[in-house]
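Colleague: Using the sequences plus the hints, can you model the full thing?
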Amino acid sequence: MPDKQVTGKRLSGRTVLATVLILIVIPATMMLGILVLNDRKYYFISLLIVLYTMIPFAMVFEKRKPQARELIVIAVLTAIAVAGRGAFFMLPQFKPVVAIVIIAGVSLGAEAGFLVGAVTGFVSNFFFGQGPWTPWQMFCFGIIGFIAGILFEKGLLKKTKLSLCVFGGLATLLIYGGIINIGSLMMFTSQFSWQALLATYISGFWFDMVHAIATVVFLFFISQPMIEKLDRIKIKYGLIEK
Amino acid sequence: MKDSFATFHPIVNFMYFVVILLFSMIFMHPIFQVIALISAITYSIMLKGNSAIKFNLLYMIPLLLIMALMNPAFNHEGSTILFYLNNGNPITLESILFGMAAACMFVTIVIWFSCYNIVMTSDKFIYLFGKVLPALSLILSMVLRFVPRYVAQIKVISNAQKCVGRDISQGNILQRARNGITILSIMTTWALENAIETADSMKSRGYGLPNRTSFSIFRFDSRDKIVLMIMLGLTIMVVIGGARGENTIRFFPSIKMVAMTPLSMVVYLVYFVLCMIPVIINVVEVMKWKSIQSKM
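If you're matching them up, the sequences are chains A and B in order.
Going by the numbering used here, the first sequence opens with residue 1, and the numbers climb by one from there.
Going by the numbering used here, the second sequence opens with residue 1, and the numbers climb by one from there.
Calculated from the structure, these hints are not laboratory results.
Possibly wrong hints are sitting among the right ones.
Straight-line distance between alpha carbons at most 27 Å, and here's what the computed BS3-like set of lysine-lysine pairs gives [what the hints assert, rightly or not]:
| id | chain 1 | residue 1 | chain 2 | residue 2 |
| --- | --- | --- | --- | --- |
| 1 | A | Lys229 | A | Lys158 |
| 2 | B | Lys2 | A | Lys63 |
| 3 | A | Lys65 | B | Lys124 |
| 4 | B | Lys162 | A | Lys229 |
All of these numbers come straight from a predicted model, not from anything done at the bench.
Modeller: What follows is the structure, given as structure tokens:
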């Protein structure tokens with residue numbers, strides 16, 4: 001198959017640009033917004049984050065004119081994540097989204113990981129209701145998939161159960177929990193205070209813990225079969241880009 | 001009741017919600033907040049009837065109270081100190097009022113979004129962004145299609161497994177869990193294989209070739225143009241009011257806002273009309289319908 005397919009192991013200029021945007025520009029905007037704008041303007045930080053995260057990825061992705069096969073594999077993983085979130089709707093915070101996003105990042109690359117995460121956050125809220133929390137969820141899911149992809153490319157994250165579970169648990173607790181709590185605080189507070197942030201973290205701790213445990217449980221059970229299947233599809237249909 | 005505003009062109013719907021949500025988030029002035037809240041509640045009741053009333057009473061009022069109380073507990077700025085907490089932190093009038101205003105705003109936004117979810121269906125969203133983001137919009141629409149499809153396919157697989165005694169309803173707990181994972185695994189394999197087939201089918205039918213058109217059932221009529229122009233005019237007037245400081249309020253260290261003038265009255269009225277556009281359209285539509293009916 002001569003087509004350029006799902007992005008493989010390659011730290012291209014695009015990935016570097018995306019890394020810079022995600023790891024430097026977005027936190028800088030957050031800090032700038034927190035320091036310069038006052039009162040309700042916190043809200044707009046979250047809107048800016050959506051722009052920052054979506055625009056470069058969307059632009060790069062669209063400009064690349066992705067093949068149907070690549071699109072559809074991303075869509076399948078997103079649909080599985082959305083359906084999974086729906087299946088465990090009764091149990092609050094017990095959702096497999098982060099697990100599937102990490103698997104996507106590891107087997108399809110950082111960019112695909114980000115897209116699966118962000119689109120899952122967006123689409124699942126068509127079923128559960130859009131709101132001011134949507135941008136934050138999109139960002140959190142997306143960045144976890146992106147980091148998983150980068151770490152795997154760098155060889156710091158292995159496809160083993162243990163490695164994935166440890167990363168998944170920590171990423172959910174620290175990255176997802178860490179960011180989403182700031183988000184929920186920003187939505188209704190005027191003055192940023194460490195006390196209030198700490199209180200938000202403490203009140204949200206068990207939710208984040210349940211979420212992290214859910215991610216570990218799902219990664220423990222589904223990571224190996226899922227990765228195996230994705231690898232099989234990649235070999236069978238020549239989706240690997242060398 | 002049928003919502004006539006939702007039958008307008010998606011761009012009108014989308015613009016309305018973007019403008020309204022932005023304004024609701026920016027303007028902290030109490031009169032603006034009350035206008036937005038009343039309009040949001042009216043429209044949500046118009047859209048959803050009794051369930052909206054229940055939603056607003058059951059979830060929004062407790063949320064409002066909790067959030068109004070949260071702020072003074074952590075925010076101790078402001079010059080009017082009412083009393084001191086046990087740990088020595090002051091409770092100020094300003095922080096209580098700000099807490100109320102922020103809570104009111106949050107509730108307004110949530111209610112606006114509940115309206116947005118009904119009016120801006122995913123097909124409208126995909127239509128609007130299909131031109132700008134074709135690949136991502138395609139992913140979006142595929143995901144929305146895949147989810148119900150997978151749910152149906154899981155039932156098919158589960159029934160087949162039941163025939164050989166390997167369904168999640170058979171065996172002891174450990175076996176059930178294992179069967180469940182097997183079903184999910186079969187499901188994933190099927191989904192991926194099926195996806196590749198779909199992709200090949202799309203390719204053979206010319207996906208990605210230039211000069212292809214897409215089907216849509218939306219038409220930009222003159223009524224869309226009129227409403228869009230009115231919305232634009234009202235928005236500009238509200239923004240001018242905002243630039244003159246009519247719409248804002250300062251909470252800290254002491255509450256301060258521009259004195260009310262006839263001009264501010266005009267800005268309030270303009271904002272009210274802007275927020276009420278869907279409600280006005282619905283009411284006009286009902287009146288039109290009634291007048292046609294009576295003549296027959």
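Colleague: Each hint should be assessed against the structure and marked as holding or not.
Modeller: So, going through the hints one by one against the coordinates:
1. Straight-line distance between C-alpha atoms of Lys229(A) and Lys158(A) comes to about 17 Å, which keeps the hinted pair within the 27 Å bound.
2. Between the alpha carbons of Lys2(B) and Lys63(A) the distance comes to roughly 41 Å, so the proposed pair goes past 27 Å and is violated.
3. Taken as a hint, the Lys65(A) and Lys124(B) pair is honoured in the structure, with Cα atoms around 23 Å apart against an allowance of 27 Å.
4. Distance hint between Lys162(B) and Lys229(A) is fulfilled; the C-alpha atoms sit about 24 Å from each other, no more than 27 Å.
Hint compliance for this structure: hint 2 alone is broken.
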